[in-house]
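There are 2 protein chains.
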Amino acid sequence: MALLVWVYLLKRMALIIFVMRYNVHKLLLTILFGVGVLSVMASVKKLEVTSPSGGIKVEFFLQGKGEAAYRVLYNAKPVIETSTLGFDFQGEPSIKEGLAITSSAITEFNETWEMPWGEQLKVVNHYKQLKVTLAEKAGKKRTFSLVFRVFDDGIGFRYEFPKQASMGKVVITDENTQFKLTGNHLVWWQPGDWDIYEHLYNTTRFTDIDAISKRNHPNLAQTYIPENAVNTPVTMKTDDGVYLSFHEAALYNYAGITLKVDTTNLMMQSELVGNSKNIKVVTATPFNTPWRTIQITDRAGELIESKLILNLNEPNKLGDVSYVKPTKYVGIWWEMHLGKASWDMASGKHGATTENAKKYIDFAAKNNIHGLLVEGWNAGWEHWIGFEDREGVFDFVTPYPDYDINEVIRYGKEKGVALIMHHETSAATQTYDKQLDTAFAFMQKLDVHAVKTGYVGKILPKGEYHHGQYMVNHYQRVLDMGAKYKVAINAHEPIMATGIRRTYPNFIAREGLRGQEFNAWASDGGNMPEHLTIVPFTRMLAGPIDYTPGIFDIKLKPWKPNNQVNNTLAQQLALYVVLYSPVQMAADLPENYEGNPAFQFIRDVAVDWQESKVLNGEIGDYVTIARKERNGNRWFVGSVTDENARTLTINLDFLDAGKKYTATVYADGKDADWDKNPISFKIENFTVDSSSVLNLNLAPGGGAAISIVPVK
Amino acid sequence: MALLVWVYLLKRMALIIFVMRYNVHKLLLTILFGVGVLSVMASVKKLEVTSPSGGIKVEFFLQGKGEAAYRVLYNAKPVIETSTLGFDFQGEPSIKEGLAITSSAITEFNETWEMPWGEQLKVVNHYKQLKVTLAEKAGKKRTFSLVFRVFDDGIGFRYEFPKQASMGKVVITDENTQFKLTGNHLVWWQPGDWDIYEHLYNTTRFTDIDAISKRNHPNLAQTYIPENAVNTPVTMKTDDGVYLSFHEAALYNYAGITLKVDTTNLMMQSELVGNSKNIKVVTATPFNTPWRTIQITDRAGELIESKLILNLNEPNKLGDVSYVKPTKYVGIWWEMHLGKASWDMASGKHGATTENAKKYIDFAAKNNIHGLLVEGWNAGWEHWIGFEDREGVFDFVTPYPDYDINEVIRYGKEKGVALIMHHETSAATQTYDKQLDTAFAFMQKLDVHAVKTGYVGKILPKGEYHHGQYMVNHYQRVLDMGAKYKVAINAHEPIMATGIRRTYPNFIAREGLRGQEFNAWASDGGNMPEHLTIVPFTRMLAGPIDYTPGIFDIKLKPWKPNNQVNNTLAQQLALYVVLYSPVQMAADLPENYEGNPAFQFIRDVAVDWQESKVLNGEIGDYVTIARKERNGNRWFVGSVTDENARTLTINLDFLDAGKKYTATVYADGKDADWDKNPISFKIENFTVDSSSVLNLNLAPGGGAAISIVPVK
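Chains as they are written, first to last, in the UniProt record's numbering: chain A, 1 to 712; chain B, 1 to 712.
With the rest of the complex left out, here is chain A:
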């Protein structure tokens, strides 16, 4: 029998944290209660920590020859079976065995913080934490801690390496964090591509995951899938009806993660994104890894409602971010994807002209849209995709001669439409790094406070990948520069979001998924109807998505006879609610909106929210989300289905009791069908209250969008 000595030190303390909102400063009182510090004097068989309500339990223990291991239980049943933890280093022995627990502590933390913009105003961050400090019993006696934070909707854990004499500079060649599954779950996955997240999601049993088969997609500008791994967030459902989603939080100065798939052992193991030298991370103590996260729920929608990944990030470091304005925007963008215009000037159909920009500004100003993205405004687009030598081509201050940026900004200001800058780096990161200060100072001079960045193509310098440590740090430098010059960043071809928008609220959105543009030209037919019923439960768990919804000319006439958007028009509307982003594009050509009463929904829909509720949903089938606007009393509801028609019954009990509202329902027409009749819609209005129930009839590939406005 082992000797267990427990010492509990219980104390209560109060922390006062100032959380800055972009327009108000609110004082939040957070209470750290029930702090237990557990000191272990001898070998310990098993440390346990549960979520605040007790539903989730993490067990940590040493096994075999002193190997760090953990297990996760949900409602007393394992959801992660015994999985081990460790590292491989270049020129140093691995951290794997021979470990001892030198101390451990369980604490409980409960705060409510406010998002300066987001899916909701207030976020509860309530967890119990187990911090276990380990040390090698022999050799270099390296030490590190494992910190598990257990929430009611999942867990996060990370490695924390203190500064130590025997471990200075660190070159990680592998992080060996395991996730051993308890069954052959149904998985919504995309390949563990080191260079892009723009794959369709696949729905298979775990043992049928075959990332290798996804290599060489003809429509991806860059792709690298070295082995059978998946990108995160990856979401699965057990046969018991438990939903699990794996991702990471607070990724700084480290490589992005993929999860290697061992179909024999139902095991996933971290495979960090490396470079061509097979180095994953170069760092030095002290350092922490990102949090490895597992969201665990028995309701699919709770995955979306969960703020676990944000909670694992540090509070706002930037203070006042009032320059970050949630906004709808239009852009000189879709017309390039249609082939109507071009980014470059040599083509003779340059899109980014002063005149065209003014056309979009006029349209935006008329329609409650306050942003304008102009792509192809700066010289260099003649030497872009398809060229190897892309360094030194673009700068970010020289407009094409037919684009008067000062005039566009002046005209936009007069009409209440702010320019969103565009920086396509063509993945020539060294050029961009060199010009970064100049580029951002230029925006400051122009009073421009948002930029869409792009990294199309293979990363330069060669041998680096979009999701590796080099790029994580590059994206961070851009973010820091944004903070310096008060510019919000919307990164395309980004590293996946890991919740750092909590700490850097100028990181407004990212692409990082197969966006709308694939519908314009992908040779595989584009984004099939199920795509957007999977994205909310996978990609969207990471953070805001710049999907660019709102295509009304579903059949892309006359530009793209062989392509189409694979949703109904009503679903395109629903996306403004379903897909969260503080920047939402009205992506179609203005002329395709003119005259369509369904456009009223885009005019009206909010982009910043007081609260959000997932009313129903099954991954890959359908989902319905209701959101209440900030600084107002309107609600908006979006509902999308896959290729199957279905009727969803929506209970409006989220409305204020006793209040009357007008619900305007933008739904699929009776004969709507994403392929055969995608633009058939109907708009109906009803007087509703909190006791009302709405039946939504969704067409194949269809959706519904609802605005719910208090009756005056």
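It should be emphasised that the hints constitute simulated quantities derived from the structure, not laboratory data.
Any given hint might turn out to be false.
[Claimed, not checked] Sample of chain B residues facing chain A (criterion: CB under 7 Å; computed from the structure):
hint: 1; residue: Phe363
hint: 2; residue: Gln600
hint: 3; residue: Gly669
hint: 4; residue: Asp673
hint: 5; residue: Lys682
[Unchecked claim] Here are some chain B residues the structure puts well away from chain A; computed CB gaps all over 12 Å:
hint: 6; residue: Glu48
hint: 7; residue: Lys65
hint: 8; residue: Ala69
hint: 9; residue: Thr82
hint: 10; residue: Ser166
hint: 11; residue: Gly183
hint: 12; residue: Ala365
hint: 13; residue: Gly392
hint: 14; residue: Ala441
hint: 15; residue: Asp480
hint: 16; residue: Trp521
hint: 17; residue: Asp524
hint: 18; residue: Ala657
hint: 19; residue: Glu684
hint: 20; residue: Thr687
These numbers were taken from a predicted model, which means no experiment stands behind them.
Heads up, the beta-carbon is just placed ideally off N, CA and C, and yes, glycines get one too.
Position chain B relative to chain A; hints supplied.
Coordinates of chain B only, in the frame set by chain A:
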């Protein structure tokens, strides 16, 4: 047996008429063919003339002691039985008996002319004319002609008095033109009020007409109903299913007509509007009376399609009227009727402020609306309704101090919204006459090209009435001044339109009916649902109507708890098509449109038309009109019903064959009802072609509006 000698002179000639449209000059070739000149050498028993197709026949003859008489037959059956013609004069014997036919001529005329703006581009003007010249056989031997023009959709006839020694100055005390009906028809009538047309229509059998009972309506600013007469247009339906509508055309320097009702003899007789001295018309030879018109059809909708009244007017005398721009407009207007704002400044809630005007301009600019009416902009409104001494109060060049008219015009121009001037005369016609040149020169200086005039209250000088000769000439002076300064006139409290817009195309619209504002405050409950199913077949036959449709806040909350608009929201949309006017107000407060997808119809709907078709309709029950825009290929359809719900089947065979269109149907919601649930609507879209059929479900008091746009 009488001797009949017929001499036919047949010749063919071509006339080339230049018709100027505001943006194109079109050459129209019109052909006058089949001209017959009939000379009568001896006494004639009966002269006959038929319509070009032969369906309508007019017989003219002398009866009794040489009394001029006529009869009208439709499809060989009398629709007007023997009716006599004549005049009473002041200080001169009546023209009544002792007449002889001195000559007669039958001619045929066929031209196609173009409207510079209107319900349709091309108008066929095809009639046969019988001109009978009569002379008194004894006494003063006065002479005059009766000219009958017989169209396939009705007739017009007038008296033409040549210059003659025995008849210089003429003071008419009565024109005794009879219309003897063939049965006790069902009649849609309003009382023969000399001062206002803002009565509800009544639906009774002819013998139940009781105009006297309509005296003293509490909500009319002025009213004078001297006897049991009706105003025109008055429309009726025989038990044989023939529709008749009586009115007049080309009213110049003459009194407006009412029709005295003789229920015993089923007879109507002209009763000109006079003055307090019982003088009807003061004139001198040569002069013509207006045309007395009877539209005759067997389909109610054909009354609306008929251009008989316009055809009886002379061609455009103004030439280029490109300053007359069909337009939708908003206005600082409804908020006064709601009591939210006031015309006057002393009230402390002055509506016509620079700031408020800019708010409306911003709203208009965003919504494809290009006009702004501002009422209450000029000093004087503190001394308006309710004052006897109204002369000298208003001028038309002095803004209130909180209204910067130059800035409003400048701001509007910048945004593409033109100011519509407002001249409320408070019926102080001498003040207005004196200031007319100054007022219109002021508009020219401001580059303003439209004015809404108003004549609320009893006419000054006392003893004159709105519809008498004095006012006919006053309205004409205003119209002539408009032509001089290139200003289009939209007259409220006008004389009824008589088709003079053909000759003076700067007469764009009139009120002359019980408009929308009665819904805001009338103590009788406002315009009942049937009102707008009668108006198209009565008032609208006269010409364009400034009804000011588009109230979305049907229940007028929170302003008017005891009033409401008595239609559904969908019917309010339908009115933009059903009620023809080249100026259509979006009358509600901007905030009542914001966010409502149904507003898209108002944004879209055209205001100038290539062609118009009445698809169905029964007077007082329902009507559906389809109109095709000018300079485009969109069609718009409006359908309204009375207090009864009904399903109307619309055949789209008017569309171009083989072409695909998107039809967006703005219809009543399933549970819509003008009283119980007036804002319930649904919007659906369908792909349609010329073989399509749409079923429209109209709610009680409801309607439907459809836009039909070619698929690109």
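Outcome of the hint check:
no.: 1; hint: Phe363; in the structure: violated, 10 Å
no.: 2; hint: Gln600; in the structure: holds, 3 Å
no.: 3; hint: Gly669; in the structure: holds, 6 Å
no.: 4; hint: Asp673; in the structure: violated, 12 Å
no.: 5; hint: Lys682; in the structure: holds, 4 Å
no.: 6; hint: Glu48; in the structure: holds, 53 Å
no.: 7; hint: Lys65; in the structure: holds, 67 Å
no.: 8; hint: Ala69; in the structure: holds, 57 Å
no.: 9; hint: Thr82; in the structure: holds, 56 Å
no.: 10; hint: Ser166; in the structure: holds, 65 Å
no.: 11; hint: Gly183; in the structure: holds, 47 Å
no.: 12; hint: Ala365; in the structure: violated, 7 Å
no.: 13; hint: Gly392; in the structure: holds, 43 Å
no.: 14; hint: Ala441; in the structure: holds, 33 Å
no.: 15; hint: Asp480; in the structure: holds, 39 Å
no.: 16; hint: Trp521; in the structure: holds, 20 Å
no.: 17; hint: Asp524; in the structure: holds, 27 Å
no.: 18; hint: Ala657; in the structure: holds, 21 Å
no.: 19; hint: Glu684; in the structure: violated, 4 Å
no.: 20; hint: Thr687; in the structure: violated, 7 Å
In summary, the numbered hints that this structure violates are 1, 4, 12, 19, 20.
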